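Protein chains: 2
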Amino acid sequence: MNVTVRGRTRHYRTVAFDSAKNEVLLIEQRLLPHHFEIIGTKNFKETTKAIKDMIVRGAGAIGATAAYGLAQGARAFRGTDLKKFQRHVEEVYHTLKSARPTAVDPVNAMNDVRVTMSVGETVEEQQALALAAAEEFSNHDVQHCEAIGQHGAKLIRSGMKVLTHCNAGWLAFVDIGSATAPMYAAQEQGKKFHVFCDETRPRSQGATLTAWELAQQGVSHQIIADNAAGHLMQRGQIDLVIVGSDRTLGRTGEVANKIGTYTKAVLAKRHGIPFYVAIPLSTIDWNMKSGFDIPIEERDASEVLGAWGVTSKGKREYVRVANPGSGAFNAGFDVTPAELITGIITPAGIFKPKELWSKRKQLGHACCLINK
Amino acid sequence: MNVTVRGRTRHYRTVAFDSAKNEVLLIEQRLLPHHFEIIGTKNFKETTKAIKDMIVRGAGAIGATAAYGLAQGARAFRGTDLKKFQRHVEEVYHTLKSARPTAVDPVNAMNDVRVTMSVGETVEEQQALALAAAEEFSNHDVQHCEAIGQHGAKLIRSGMKVLTHCNAGWLAFVDIGSATAPMYAAQEQGKKFHVFCDETRPRSQGATLTAWELAQQGVSHQIIADNAAGHLMQRGQIDLVIVGSDRTLGRTGEVANKIGTYTKAVLAKRHGIPFYVAIPLSTIDWNMKSGFDIPIEERDASEVLGAWGVTSKGKREYVRVANPGSGAFNAGFDVTPAELITGIITPAGIFKPKELWSKRKQLGHACCLINK
Numbered sequence: 311m312n313v314t315v316r317g318r319t320r321h322y323r324t325v326a327f328d329s330a331k332n333e334v335l336l337i338e339q340r341l342l343p344h345h346f347e348i349i350g351t352k353n354f355k356e357t358t359k360a361i362k363d364m365i366v367r368g369a370g371a372i373g374a375t376a377a378y379g380l381a382q383g384a385r386a387f388r389g390t391d392l393k394k395f396q397r398h399v400e401e402v403y404h405t406l407k408s409a410r411p412t413a414v415d416p417v418n419a420m421n422d423v424r425v426t427m428s429v430g431e432t433v434e435e436q437q438a439l440a441l442a443a444a445e446e447f448s449n450h451d452v453q454h455c456e457a458i459g460q461h462g463a464k465l466i467r468s469g470m471k472v473l474t475h476c477n478a479g480w481l482a483f484v485d486i487g488s489a490t491a492p493m494y495a496a497q498e499q500g501k502k503f504h505v506f507c508d509e510t511r512p513r514s515q516g517a518t519l520t521a522w523e524l525a526q527q528g529v530s531h532q533i534i535a536d537n538a539a540g541h542l543m544q545r546g547q548i549d550l551v552i553v554g555s556d557r558t559l560g561r562t563g564e565v566a567n568k569i570g571t572y573t574k575a576v577l578a579k580r581h582g583i584p585f586y587v588a589i590p591l592s593t594i595d596w597n598m599k600s601g602f603d604i605p606i607e608e609r610d611a612s613e614v615l616g617a618w619g620v621t622s623k624g625k626r627e628y629v630r631v632a633n634p635g636s637g638a639f640n641a642g643f644d645v646t647p648a649e650l651i652t653g654i655i656t657p658a659g660i661f662k663p664k665e666l667w668s669k670r671k672q673l674g675h676a677c678c679l680i681n682k
Numbered sequence: 311m312n313v314t315v316r317g318r319t320r321h322y323r324t325v326a327f328d329s330a331k332n333e334v335l336l337i338e339q340r341l342l343p344h345h346f347e348i349i350g351t352k353n354f355k356e357t358t359k360a361i362k363d364m365i366v367r368g369a370g371a372i373g374a375t376a377a378y379g380l381a382q383g384a385r386a387f388r389g390t391d392l393k394k395f396q397r398h399v400e401e402v403y404h405t406l407k408s409a410r411p412t413a414v415d416p417v418n419a420m421n422d423v424r425v426t427m428s429v430g431e432t433v434e435e436q437q438a439l440a441l442a443a444a445e446e447f448s449n450h451d452v453q454h455c456e457a458i459g460q461h462g463a464k465l466i467r468s469g470m471k472v473l474t475h476c477n478a479g480w481l482a483f484v485d486i487g488s489a490t491a492p493m494y495a496a497q498e499q500g501k502k503f504h505v506f507c508d509e510t511r512p513r514s515q516g517a518t519l520t521a522w523e524l525a526q527q528g529v530s531h532q533i534i535a536d537n538a539a540g541h542l543m544q545r546g547q548i549d550l551v552i553v554g555s556d557r558t559l560g561r562t563g564e565v566a567n568k569i570g571t572y573t574k575a576v577l578a579k580r581h582g583i584p585f586y587v588a589i590p591l592s593t594i595d596w597n598m599k600s601g602f603d604i605p606i607e608e609r610d611a612s613e614v615l616g617a618w619g620v621t622s623k624g625k626r627e628y629v630r631v632a633n634p635g636s637g638a639f640n641a642g643f644d645v646t647p648a649e650l651i652t653g654i655i656t657p658a659g660i661f662k663p664k665e666l667w668s669k670r671k672q673l674g675h676a677c678c679l680i681n682k
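Protein chains in written order, with our numbering: chain P, 311 to 682; chain V, 311 to 682.
FYI, nobody ran anything at the bench for these hints, they're computed from the structure.
Remember, it's a predicted structure, so these values are computed and weren't measured experimentally.
Possibly wrong hints are sitting among the right ones.
Where chains are identical, the list cannot tell them apart; a pair therefore holds if satisfied intra-copy or between any two copies.
Said to hold, decoys possible - Result set (SDA-like, lysine to any residue): computed pairs, CA atoms no more than 20 Å apart in a straight line:
1) K471 with A641
2) K471 with F639
3) K579 with E649
4) K623 with G635
5) K471 with A611
6) K623 with E613
7) K471 with G637
8) K599 with R545
Put together the whole structure using the sequences plus the hints.
Rendered as structure tokens:
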């Protein structure tokens, strides 16, 4: 998407590759929204560290980063011995995988790259195929998000007020995003609407990343405390909710997403406000049978007990807000049942959550259809 | 309640009076939870400033502060001319009233004091009566909170997990508090339970004041992000919700309270969890006919866009969390309809919200009955 830095507007992807320098180019997301900076990782170990240290985050974005990282590692190999090369690639793969051991996207992305490169007959051929496969993975991610945008934009009419939670924006993907995709597409279609961003405590991705994204694209928006959405709905100030998903159960239509998503879905149901979840097909879990089986990550209490921000002197600091003698419970995700979800916006169209299972063949194929 | 500072435990009230020095004694709440300090205001102008600058906050607490402030101002008068004295008291009254022009408690409290002192026949008598009336007002506040505690404690059983929102604790009253009163009473009765404190963004009164209070009294508790209550309820981790109220409509049973209260009530209803509101009788508005008529204060966006806390170097700082180019919508309160409220815990007993109107005579009298 477009980013304006010191008056100059340029198009960026969250993850890109400089083939001349053999560097993965990443937006340094830990500095956002206060500073915009692109960093280039010099080798696959630096790329691994970038994933681990959360310079890049979000399912689509870390998938593409791992794919490029694998190509980067493969291309750094000097020599023609295919066996040695394959051992080297294995090492690169396992190193990158270790960056975020529970994430499924980097593994899927790297497997894609490995399958494609394996048909090469020489080291050089395999190196070239690796990069081509990573580029293709990355482009698919963009195309999927574009398709989500086209389907989802139909839900947005001029004058609407739209609520979103956390950041399922282009910073979480290679470009465009999932929950934000319909907004960017509607904006391009000339529709005028207003977005309320939940600040999304404890990590405040709504106040930082989503608000930054929307500001960069000139989408009208305001940040609200997570406590305020209910009041706005009660006063008729929200017409539509669109959120992302970390995992969507294909069998039940349940959606695991950032903590607080469930609350917004309950509120939307009470007020008869449509509640949509925008997802790339890769987040559909076709195996799990119940949302109660989804492991809910418990994160460090310090996130709840304080906040990161910038002081009046421009210094990035963590401040302890809470009583020093108190602890916190910090669940990272919650699960929203199908009955609260109006529809799931996928690259292949919008479906009722309970429809996913019966459409599984279509959805399984959609990936390939769109990729052509 | 008890406060332990550097290993020494003492009983404090949020608001007290030093008659020898003619000073109102206040807990400096802006320094909590990081520092505990009692300040004494030297004259009624300093007392006015203390209310205005939020050194003291909360309906009961600012009522008592204004009552003491009026007595303080009256006692500072030198001379025997009753007419001059009365003009002086008028000036004190209007100065104190100006500190928080929309608040009803300081006005009611000061009217109490004025009525009582008016029977005095000399300046000296009126000065003595003013202080006696302020002390009586203050003691009534404590007795009301004690009665709320006794009624509410019946709802808490050992093993329960209780959710509360914002701070309706002893720091908002002269002592004991409203929503916290049942917890302190249950604790005294030897019941073992756990409290989840919503952090209560944007001003974080749950994470700061309520958590500090509970820690001081040794009540088992954890702070949670406002986003987490829904998840906890879904997983069966919350058995009871108790919150306070800024204004309760006697005709409809609607409750205006800190932003986010409505959301918790909607969630509690969905999960069949009892939702109670603890109130002193002074917060019942017997005139207003609809919750939609309650003015909802819109506060400064900076509260949503950042947070106050303490840096690693121990310095109190505001950090800007949100995207610098984004604004915020910041409603201070929301309104919870009667159908979501299981019961209203008052000093005169627990009532269904819709019962308040039919019991208005009893509730109107309860004040006096308890005060005897």
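Those earlier numbered hints the structure runs against, lowest number first: none
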